[in-house]
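Visitor: Whole structure, please, built from the sequences with the hints as guidance.
Each step along the sequence shown adds one to the number in this note's numbering, with nothing skipped, and position 608 is 779.
Keep in mind that the hints are not guaranteed to be accurate.
As the list claims (entries may be wrong) - Heads up, simulated DSS-like pairs for lysine-lysine below, C-alpha to C-alpha not over 30 Å straight-line: (1) Lys326 to Lys340; (2) Lys544 to Lys588; (3) Lys845 to Lys774; (4) Lys416 to Lys711.
Said to hold, decoys possible - Label pairs and their computed distance ranges (CB to CB): (5) Ser476 to Pro568: 16 to 24 Å; (6) Gly829 to Ala201: 46 to 54 Å; (7) Phe225 to Lys315: 30 to 38 Å; (8) Asp337 to Phe225: 20 to 28 Å; (9) Val548 to Arg624: 28 to 36 Å.
Bear in mind the hints are in silico, worked out from the structure with no lab data behind them. Beta carbons: idealized from backbone N, C-alpha and C, even for Gly.
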Amino acid sequence: MSTTRRLAAILFADVEGYSHLMQLDEERAARQLGKFQELIREQVFEHQGEIVNFYGDGVLCIFSNPVQAVRCAISLQQEYRKEPEVPVRMGIHNGTVVVGDDKVYGHGVNLAARIEALGTSGSILLSEQVRDEIRNFPEFQIRKLDRVKVKNIDKPVVLYTLDHKDLAKPSPEKIAQASTGLKPRWRWIGPTLLLLILAIIYFFVQKSAEISSDPTSLYHLDESEIAIRVFENNTMQDDYEMIGKMAADWITHGIVENQIAPVISFQTLDTYEDVTLAGIGPKGILNRLSGEVKVIEGNYYVVDSTLIFQCSVMEHGTDRPLHAFPKIECPVDRPLEGIMQLQDDVLGYWVTREKGHLRSDAPAFSAYEYYLKAQDVWAGDYAAADSFLTKSIEIDPDFMHARILQAHLYYNTGDYKRLDELVGQLEREIDPLNLIQSNMVIYLRALLSGDNRQIFETYQREYATAPKDLFKNTAMMIIATNFVRRPEVAIDLFPEIDPALLDYSNCSYCVVRMEIMASALLDLGRDQEVIELLEPIVDKTKRRGPKIYLIKAYFRTEQLDRVEDLLSARGDEDHYLFFLAAHEAQLLNLRPQKELYARQAIKRYESEETRNMKMLGRCHFVLEKFEDAQRCFLAVLEDNPGDIFCMGKLAAIAFENGDEAEAAQHLEKMLEAKREYDFGYTYYFMAQANAQGGRIEEAFRLLKLAVKEGDILSNIDYENDPLLSDLHELSEWKEIVEYWSTE
172 MSTTRRLAAI
182 LFADVEGYSH
192 LMQLDEERAA
202 RQLGKFQELI
212 REQVFEHQGE
222 IVNFYGDGVL
232 CIFSNPVQAV
242 RCAISLQQEY
252 RKEPEVPVRM
262 GIHNGTVVVG
272 DDKVYGHGVN
282 LAARIEALGT
292 SGSILLSEQV
302 RDEIRNFPEF
312 QIRKLDRVKV
322 KNIDKPVVLY
332 TLDHKDLAKP
342 SPEKIAQAST
352 GLKPRWRWIG
362 PTLLLLILAI
372 IYFFVQKSAE
382 ISSDPTSLYH
392 LDESEIAIRV
402 FENNTMQDDY
412 EMIGKMAADW
422 ITHGIVENQI
432 APVISFQTLD
442 TYEDVTLAGI
452 GPKGILNRLS
462 GEVKVIEGNY
472 YVVDSTLIFQ
482 CSVMEHGTDR
492 PLHAFPKIEC
502 PVDRPLEGIM
512 QLQDDVLGYW
522 VTREKGHLRS
532 DAPAFSAYEY
542 YLKAQDVWAG
552 DYAAADSFLT
562 KSIEIDPDFM
572 HARILQAHLY
582 YNTGDYKRLD
592 ELVGQLEREI
602 DPLNLIQSNM
612 VIYLRALLSG
622 DNRQIFETYQ
632 REYATAPKDL
642 FKNTAMMIIA
652 TNFVRRPEVA
662 IDLFPEIDPA
672 LLDYSNCSYC
682 VVRMEIMASA
692 LLDLGRDQEV
702 IELLEPIVDK
712 TKRRGPKIYL
722 IKAYFRTEQL
732 DRVEDLLSAR
742 GDEDHYLFFL
752 AAHEAQLLNL
762 RPQKELYARQ
772 AIKRYESEET
782 RNMKMLGRCH
792 FVLEKFEDAQ
802 RCFLAVLEDN
812 PGDIFCMGKL
822 AAIAFENGDE
832 AEAAQHLEKM
842 LEAKREYDFG
852 YTYYFMAQAN
862 AQGGRIEEAF
872 RLLKLAVKEG
882 DILSNIDYEN
892 DPLLSDLHEL
902 SEWKEIVEYW
912 STE
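Guide: Below, the structure is given as structure tokens:
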């Protein structure tokens, strides 16, 4: 991406209180936003300016000189006072910007945004640089306000305002608060509570949506990777153990957010080091990772009531010290103060002075506490996690990590309505300069809209921040395989983390990576490789996935005796594996095996005290015992009338029985029950029923609707679905399965 630097007058403007008004009066808020944008387009063009981008209820514009920018701002504020009145605040700064590929960014843009945020609706705030350029123009009456400390800007900024009859005066409260500097947000905590609060944090760090789609173009400062180790606790007190992980995490967050270099996170290194391999310690693990790596490591200790951090950068492979940072001291009861300074020093080692102060301010401490509590209960209690995150956001609405984590919670629990509302708020309120967070918001919006290609592209940028991070690597493999059907991408990503270093007994993500790799290999017909991949780990994990993919690989390589061996040895507690074996045999037209395993599955499900009627119905359906299957599916619908899956199966049975009128009734009920956030689920099972009835053209029409809405591949759908097998050889099929994979 080519870039140029130039001097420009930067104008930021936004509609004050827009988000709150949207909740109270959406129609009025929409009118305000319409007028705001319409006048911006008119006036900026009239004053020879350029609109860089609209950000929800805000806008970034640039002008060739401050006089044009100020004249445009005054004209706009005069128009916004007319009915319907629009409460707009504006900030203008004159400074250097970086221009590249229709994007504008840099320290000057950041400063202009911070100045605007301190304003009041109807006011125009100016930086000292703008004041210097317009002070000799009699038409402008300028008044000095105060010297203020602006968020994320190192040096204090002198603020000015235009003293004009049509302009409002800036909020004294905002200016006074800013003039005192950023107030400390930490409160005292005792050693006992410290261990509870300083838990491992895995921040949702996000990458820019406005960079090149090539993730390797992300890092323009340092092409080598940075490995960040947990800081060593030399305090001799277990209560301070988690400070080392907090320091490593906060540095990781800063490096990724500021696009410095790909990161090997401490979480990933911890996962590697849990594996007991002879001769492979921390240094040895890094030696197994490819590419140039710089290692950040350090320690901390306590002297009297002072906590002291030491940190250095080492050259991986030679242990040659590249840089030692000055010691950092902070009160022992306020460790985050020292950690924030530590992050500043580390970032300053890599970046230039022009980029300015890069630290992301930590949230209010109590908000941080609730955020960590949410992390702590995340896996087992989503309701409690949601409660903690809500409290965190109430305390500190600017704590973006808590808000994004809550968005992920809503997605995981299927609460798409609340997720939609939250993403809408983020789109309107997010700092337009934080391209890191903007990318994640675009990712969340893509999840909601079922835009699988956008999901892939945005997460590809997220993945590029830490290609050897176990969690990001796994997520990227899942998205490549299931969302856009690009198994070759997952296979290319897999070697980034050496599978020999992972603990499959205790690490679920490690097993998931193997499952996704197996899925990708099966998609490409590399069945024997699946067996070689999974057989060594199948007995090391309680997860079902490795057994599923082994069964599929055994069937496809005609090793039917090994299917029987696996089920005999490992299937006693998992009835689904017998159904899966019957399903796979049905797909491959192996009738004896289909009947054998379907009957065994039925016997097992019927032996349960509480019968799983849906699974019994599926087993009967595989056996073509449609009357029994129908009875089971109707029983499910008595308790859950909106069950799309069962309605689809009933439609398929009606088609099989030649009763098209009854099938049509079931299909109509499916459309009536279709949810707002369906992601192609309903259309898929409608297509399945039509395929069962030989209505091939209608089945293809519905499948196209399903994939367009964002339906994703699984190990029993699409090419793995026996009911669609008649479609697999037709020319239209490729268009379905490759809908999202084509460029």
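Visitor: Give a verdict on every hint.
Guide: Now the hints, each set against the structure:
no.: 1; hint: Lys326 to Lys340; in the structure: holds (24 Å)
no.: 2; hint: Lys544 to Lys588; in the structure: holds (24 Å)
no.: 3; hint: Lys845 to Lys774; in the structure: violated (33 Å)
no.: 4; hint: Lys416 to Lys711; in the structure: holds (28 Å)
no.: 5; hint: Ser476 to Pro568: 16 to 24 Å; in the structure: violated (33 Å)
no.: 6; hint: Gly829 to Ala201: 46 to 54 Å; in the structure: holds (53 Å)
no.: 7; hint: Phe225 to Lys315: 30 to 38 Å; in the structure: holds (31 Å)
no.: 8; hint: Asp337 to Phe225: 20 to 28 Å; in the structure: holds (24 Å)
no.: 9; hint: Val548 to Arg624: 28 to 36 Å; in the structure: holds (34 Å)
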